[in-house]
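**Student:** What follows is each chain in one-letter form.
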Amino acid sequence: MSLLIEIAGLSKRYDRFVAVDRVSFSVARGEVVGFLGPNGAGKSTTMRMLAGFITPDAGSARICGHDVATDGVAARRHLGYLPEGAPTYPEMSVAAMLAFTARIRGFSGGELSDRVAHAMRLTSLEQVRLQPIDTLSKGFRRRVGLAQSLLHDPDVLVLDEPTDGLDPNQKHQIRALILEMAPRKAIVISTHILEEVEAVCTRAIVIASGCIVADETPAQLAGRDPARHLDTVFRTLTAEAA
Amino acid sequence: MRAAWTIAGRELVSYFATPVAAVFIVIFLALQGALTFNLGNFFARNQADLAPFFTFLPWVLLLLVPALSMRLWAEERRAGTIEMLLTLPITAFQAVLGKFLAAWAFCAIAIVLTFPFVLTVNYLGSPDNGVIACGYLGAILIAGCYIALGGALSAVTRNQVIAFVLAVAACFVVTASGTPLVTDFLARGAPALAEIARRISVADRYQGMTRGVIQLRDLIYFASFSGFFLFLTTVVIDHRRAN
Chain A
6 MSLLIEIAGL SKRYDRFVAV DRVSFSVARG EVVGFLGPNG AGKSTTMRML AGFITPDAGS
66 ARICGHDVAT DGVAARRHLG YLPEGAPTYP EMSVAAMLAF TARIRGFSGG ELSDRVAHAM
126 RLTSLEQVRL QPIDTLSKGF RRRVGLAQSL LHDPDVLVLD EPTDGLDPNQ KHQIRALILE
186 MAPRKAIVIS THILEEVEAV CTRAIVIASG CIVADETPAQ LAGRDPARHL DTVFRTLTAE
246 AA
Chain B
4 MRAAWTIAGR ELVSYFATPV AAVFIVIFLA LQGALTFNLG NFFARNQADL APFFTFLPWV
64 LLLLVPALSM RLWAEERRAG TIEMLLTLPI TAFQAVLGKF LAAWAFCAIA IVLTFPFVLT
124 VNYLGSPDNG VIACGYLGAI LIAGCYIALG GALSAVTRNQ VIAFVLAVAA CFVVTASGTP
184 LVTDFLARGA PALAEIARRI SVADRYQGMT RGVIQLRDLI YFASFSGFFL FLTTVVIDHR
244 RAN
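Quick note, the sequences are listed as chains A and B, same order.
Numbering of the first sequence is given in the working numbering, commencing with residue 6 and proceeding in unit increments.
Numbering of the second sequence is given in the working numbering, commencing with residue 4 and proceeding in unit increments.
It is worth saying that the hints were derived from the structure and are not from the lab.
The reader is advised that the hints may include incorrect statements.
[Stated by the list, open to error] Partner residues aside, some chain B positions facing chain A, computed with beta carbon under 8 Å:
1. T9
2. A20
3. T21
4. R80
5. R81
6. A82
7. G83
8. E86
9. L89
10. T90
11. L91
12. P92
13. T94
14. T182
15. L184
16. V185
Heads up, the beta-carbon is just placed ideally off N, CA and C, and yes, glycines get one too.
For reference, chain A alone in the conformation it holds in the complex:
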């Protein structure tokens, strides 16, 4: 089992507030890790440190063996990252936005158009391909962000709330896509939707107040409650930490 994501002792503090406190975990190919926690628990900060957007105060993060702090460009070549809120350039069309990221990632000519077309097909963006992004609904914008992260078929996918703002059909479609890709990649998704964890994740990590409070399979996590309700378990775990 090859470890594609290795996080060791990752910490980040802002003044006195400890956002992430010695978080360590690894993700192997084929795993889909659901990253759970209340708002402000440190999910996005951890993902940002993994993606190399925030420099940690302590600890290290490696993607496919490349340290994100010292060998960032190589690490990010293997990474597909959907930031929180899926930011994209509003004045660009969907096709232009995806072509831009493809070009940055070193694709050109026919391969570039194939990659862009494939990413749009996976995320059902074909019908809006020439529309400026600022005219699109929230769900479409999120899918543009997702398409951008999938375009280069990365080994590691880090998705911050990928289904936020999508309707039930779109959610189902994105989950199906994640399940389909899962065997070939290491995937980390953060979410508030507990049913999503049971639907797509092979493992759930619960973080509260910057610390990991649970790291097990969704079934084990649900098993902590006699009635097998994930939300009860979630509330208990995060209330204990707070």
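Here the structure of chain A is known, so what remains is to put chain B in place on it, guided by the hints.
**Tutor:** Here is chain B on its own, set in the frame of chain A:
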């Protein structure tokens, strides 16, 4: 370098996809035209050259270029797109360079669009077009300095108004420090400072170029001025990852 060009291309297209390009170019041309013809006594001088045009150009640029540079990083930060950009497999310097090149190319386009002035003086008389070309080169180099300086200030703040005001002030200082008004004042009290002020000023080198003098040391000065602030921007962008 390819990544920097890709970013530059995207940015340049986005200027023209938004009203930024049209507003900037129209106001720039109108302001530059009004100042040259009215305040500069273009016709009354009865000389076939662009001296008044080149005299006003740095002052118009120092007012308008910060409007371009203020959004370079402040806008990315506000919209959150900086997170998408900096998590692509590029270095911070490539992003800084790409954005700089786009804004610089855009300024160069705006400056080149003043070509009717050149046609006018050529129609009315026989100017030294070599001197004019040299002046244009100087103007484009000065615009590069303003963008690099303004871009560095844009990187330190999320607020575009602050980025704009700081950039206008900073561009004013590096321009005005070489004018007789400042150097004469300093020469009376502290002659050493007057010499320093003149040497750091972009205006002094530019004046030489508008008279048709291209010196290698001036070109090195312009390149190192822009280079220094691009480096500084890269440091700020990288440092800000920690916050």
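**Student:** Could you run down the list of hints and mark each one as holding or not?
**Tutor:** Okay, the hints, checked on the actual structure:
| no. | hint | verdict |
| --- | --- | --- |
| 1 | T9 | holds (5 Å) |
| 2 | A20 | holds (5 Å) |
| 3 | T21 | holds (5 Å) |
| 4 | R80 | violated (11 Å) |
| 5 | R81 | violated (10 Å) |
| 6 | A82 | holds (6 Å) |
| 7 | G83 | holds (4 Å) |
| 8 | E86 | holds (4 Å) |
| 9 | L89 | holds (6 Å) |
| 10 | T90 | holds (4 Å) |
| 11 | L91 | holds (5 Å) |
| 12 | P92 | holds (4 Å) |
| 13 | T94 | holds (6 Å) |
| 14 | T182 | violated (39 Å) |
| 15 | L184 | violated (42 Å) |
| 16 | V185 | violated (41 Å) |
Checked against the numbered hints given earlier, this structure breaks hints 4, 5, 14, 15 and 16; the rest are met.
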